[in-house]
Amino acid sequence: MSYDNPIQSEFYGDNVRWFIATVIDASPPFGFEGRVKIRVHGLHSPETYLLPQQDLPWAQCVLPTTEGGMSGIGKVPKLQANALVFGFFMDGMQSQTPVVVGSLPHIEIPTFLQDQQQNEDVGDDSKPSNVFQSFVGFFAPKFNVDDENNISDARQLSFGGGQDSRVKYAVQFFINIGYTENQALALTSGLFIKSGMATGGSGLCDWETTRFRRLKMFSDLFHRFTVQIFFVAFELRTFKTDANIKLLATEKLDADDGACQVVAKDYLDSKNTKEREELIGLIEDKARELKEDNG
Amino acid sequence: MPQSSQFSITKCHITADRLGGFDKKFYDVKSQIVELNIYESLENAFLSGTISIIDDKGLYDIINFDGTERIKIEIAGMGENINPVFERTFIMTGIDNMIKAKDNASIFVFGLLDEHAYISEVQRLRNSYRGTLSDIIAKISAQSLDKDIDVSYTLDGNQQIIDSIQTEMRVIVPNLAPLEAMQWLLSRATTKTGSPFYLWSTVHDDNLRLGNLDVMLKQQAFNHKLPYNYNSANISTAEKQNEFAQGFTVKAIDERGSGDTLTLAQSGSISADYCVTNLNTGQIFMKKYDIDTLLTNLNNEGTIDKRFQNVFDDKFKLKDKPINEYRSAIIHNVVSSGTYGEFKSYHDEYDKPLHLKKLESSAIKNLLFKNMRTVVVPGTAFFVGKAAVGDIVNLNIRNDNTENPTNEDNTIDQNKSGHHLIHDLRHTFRETSHEVTMTVCKLERKGTKESNLSGRGAKQRLQIKKNSRDLTLRNKRLI
Chain A
6 MSYDNPIQSE
16 FYGDNVRWFI
26 ATVIDASPPF
36 GFEGRVKIRV
46 HGLHSPETYL
56 LPQQDLPWAQ
66 CVLPTTEGGM
76 SGIGKVPKLQ
86 ANALVFGFFM
96 DGMQSQTPVV
106 VGSLPHIEIP
116 TFLQDQQQNE
126 DVGDDSKPSN
136 VFQSFVGFFA
146 PKFNVDDENN
156 ISDARQLSFG
166 GGQDSRVKYA
176 VQFFINIGYT
186 ENQALALTSG
196 LFIKSGMATG
206 GSGLCDWETT
216 RFRRLKMFSD
226 LFHRFTVQIF
236 FVAFELRTFK
246 TDANIKLLAT
256 EKLDADDGAC
266 QVVAKDYLDS
276 KNTKEREELI
286 GLIEDKAREL
296 KEDNG
Chain B
42 MPQSSQFSIT
52 KCHITADRLG
62 GFDKKFYDVK
72 SQIVELNIYE
82 SLENAFLSGT
92 ISIIDDKGLY
102 DIINFDGTER
112 IKIEIAGMGE
122 NINPVFERTF
132 IMTGIDNMIK
142 AKDNASIFVF
152 GLLDEHAYIS
162 EVQRLRNSYR
172 GTLSDIIAKI
182 SAQSLDKDID
192 VSYTLDGNQQ
202 IIDSIQTEMR
212 VIVPNLAPLE
222 AMQWLLSRAT
232 TKTGSPFYLW
242 STVHDDNLRL
252 GNLDVMLKQQ
262 AFNHKLPYNY
272 NSANISTAEK
282 QNEFAQGFTV
292 KAIDERGSGD
302 TLTLAQSGSI
312 SADYCVTNLN
322 TGQIFMKKYD
332 IDTLLTNLNN
342 EGTIDKRFQN
352 VFDDKFKLKD
362 KPINEYRSAI
372 IHNVVSSGTY
382 GEFKSYHDEY
392 DKPLHLKKLE
402 SSAIKNLLFK
412 NMRTVVVPGT
422 AFFVGKAAVG
432 DIVNLNIRND
442 NTENPTNEDN
452 TIDQNKSGHH
462 LIHDLRHTFR
472 ETSHEVTMTV
482 CKLERKGTKE
492 SNLSGRGAKQ
502 RLQIKKNSRD
512 LTLRNKRLI
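Keeping their order, the protein sequence lines are chains A and B.
Heads up, the first sequence is in my numbering, so the first residue is 6 and it goes up one at a time.
Heads up, the second sequence is in my numbering, so the first residue is 42 and it goes up one at a time.
Rather than coming from a laboratory, the hints here were simulated on the basis of the structure.
Only a predicted model underlies this, so the values are computations on that prediction, with no experimental measurement involved.
Every residue, glycine too, gets a C-beta built ideally from N, C-alpha and C.
A couple of the hints might just be wrong.
Said to hold, decoys possible - Beta-carbon label-pair distances, calculated as ranges: (1) B/ASP187 - A/HIS46: 23 to 33 Å; (2) A/ASN277 - B/VAL163: 56 to 66 Å; (3) A/SER14 - B/GLU366: 37 to 47 Å; (4) B/ASP331 - A/HIS46: 38 to 48 Å; (5) B/ARG59 - A/GLU38: 54 to 64 Å; (6) B/GLY298 - A/SER14: 17 to 27 Å; (7) A/PHE91 - B/GLN184: 55 to 65 Å; (8) A/PRO110 - B/GLN184: 38 to 48 Å; (9) A/GLU294 - B/GLN184: 27 to 37 Å; (10) B/LYS329 - A/GLU294: 26 to 36 Å; (11) A/HIS46 - B/LYS180: 19 to 29 Å; (12) A/HIS111 - B/GLN184: 34 to 44 Å; (13) B/THR302 - A/SER14: 20 to 30 Å.
Take these sequences, add in the hints, and give me the full structure.
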């Protein structure tokens with residue numbers, strides 16, 4: 006098959022390439038209804054730093070002939086994230102236009118991470134942070150950070166350089182787990198504005214009662230900086246998936262619907278309009294400052 | 042008798058990483074070289090080659106040849122002109138052929154490949170990129186191959202870059218080697234006339250060169266005032282000519298498979314319907330492609346002079362119907378806008394008529410192949426003039442019928458002569474001779490170029506080339 010021409014043959018049906026993929030996101034935004042975001046096995050790099058989630062294609066899904074096949078009529082696909090799907094590329098070897106034909110029911114065996122945790126004592130204390138133990142090993146930045154200083158005064162923290170190292174650690178951690186630089190800067194700036202990276206009091210995010218209770222349930226070592234950072238990632242994947250989807254969908258830092266706005270509105274839950282606008286401004290300023298510092 | 046060249050191989054060292062590299066241990070095989078071929082092609086962003094070595098010292102056995110050896114070749118001028126004009130290290134990829142010459146000697150033909158091409162082949166890309174096609178290509182080149190890209194062949198007469206008209210897009214490279222991925226992306230890039238882009242490599246520098254056909258065809262020939270001449274008298278009297286005239290003699294010319302209109306028609310290069318179904322909206326877009334419109338656009342842009350084009354006979358009719366009014370191909374493609382969110386995918390176009398550029402680009406490439414010929418000339422001027430693939434060469438081929446010339450022009454074969462684009466090129470070094478075998482092509486008969494050459498584009502491109510290629514005084518005289 007030749008790659009050297011966007012037109013591979015006279016008739017598109019002569020080029021077919023089938024695939025198996027995992028559904029990464031089954032909640033398409035407005036305008037993308039009926040599509041699922043997929044990561045194709047063997048073709049889309051599993052490393053999120055090479056192929057971030059936001060760059061993956063929204064594949065159209067084929068529906069059965071019992072549906073109307075027209076806009077606004079009939080059922081919509083009900084695939085869930087992590088579904089295993091079968092489909093084909095309409096453009097064959099060029100592989101830019103995927104279509105999902107159906108799903109493959111499968112028995113979900115433990116993942117590599119879960120396998121590693123088999124001998125861990127996760128039953129007795131039922132702390133979700135145990136699930137994140139391996140996560141830490143894989144994705145945590147490889148430099149020392151002021152982890153145990155549990156003060157609530159940000160100024161005091163900044164004197165020893167602890168604040169800077171925590172900022173650096175947070176940005177690197179969020180990039181490592183698949184966020185873009187802008188998204189990582191927005192998240193870190195949000196934490197900085199809320200707490201000055203101090204873990205004391207109600208934590209990095211100045212979490213309100215329910216969320217702080219979840220943090221305590223997350224780990225007995227909830228006062229540690231790294232644990233709280235992992236909890237932010239944990240929240241984004243569990244209780245704050247809406248914020249996570251919006252965050253992954255944006256590439257801008259400080260525009261409308263930019264990462265800073267998403268962090269302020271959807272992750273930090275700033276309800277009051279005036280406070281929120283102020284918060285967005287502060288986060289944007291901080292994010293820009295961090296970006297400039299990073300060069 | 043081969044004509045001697047001003048350039049010859051001055052250094053040829055073989056080593057391997059396991060031997061410690063060129064700094065530690067190498068074998069000098071300069072005196073054992075039988076023949077060296079170096080290939081350039083507009084379609085390849087790397088150099089390749091072959092070297093034939095007579096081995097009467099058991100080197101093959103001593104080195105324990107494994108296809109991982111490196112060979113450093115240096116070519117320099119003879120006599121007072123001693124500065125190297127070519128210095129490059131290739132990887133010896135394998136043995137193409139081995140002949141036992143006598144009991145104590147064998148001739149080995151080794152394949153040569155640029156190191157960055159080797160690096161490319163041992164990688165596969167399957168990650169995402171955003172940006173314009175040239176941005177993405179430059180990014181892959183820098184990240185995967187550590188190569189700069191020279192864009193001087195995209196500069197118009199005002200020194201403005203003529204980039205591809207395809208706007209920013211998001212692509213996921215489908216498991217391709219970096220060079221393969223770059224060519225895949227490049228095949229999507231066109232100028233507003235539909236002219237294709239090329240990425241290639243030359244013997245004159247280590248960069249990759251990016252250019253488009255519009256700019257290439259508007260260039261001044263590197264030997265504009267000194268065309269390569271061919272007539273049978275040249276060949277028989279070559280030794281009597283002075284050295285300078287010998288350097289501009291066509292030694293052989295060969296033409297095969299050219300002038301084929303039927304193949305052009307079958308490929309859809311003369312006329313076609315181009316249709317696209319957008320799966321997101323269900324809409325079908327249809328546009329007719331016609332070679333006549335394409336040539337008019339190239340004419341309007343100053344790339345060719347349509348009056349002199351010789352790739353399409355607009356008077357040719359089948360059943361009283363011009364051939365370009367038939368639909369010799371019906372091409373249908375599928376796109377799905379929105380697959381990559383707010384970004385265009387590789388196939389998408391916001392402006393629907395731009396879909397047609399995909400077909401125009403491949404049609405123009407096919408038109409070039411219609412007028413393709415192979416010419417063998419002495420190689421000296423190619424190093425002196427820094428000429429390479431992507432440049433224009435001027436040929437002067439004597440007409441087959443010169444018994445009754447009606448005027449001076451009649452002695453020249455208008456089809457074979459004139460300005461040609463160099464598409465492929467082979468440098469061959471044997472002892473002291475240096476010969477170039479080039480595949481050249483063009484879209485017009487001779488006589489059209491005067492109008493193009495007097496255009497501002499040609500002169501200003503030359504300035505850019507002079508600055509960027511550091512031509513010597515002698516080169517200026519030549520040009």
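- Give me the numbers of the hints this structure contradicts, sorted from smallest to largest. Of the numbered hints, 3, 7, 10 do not hold.
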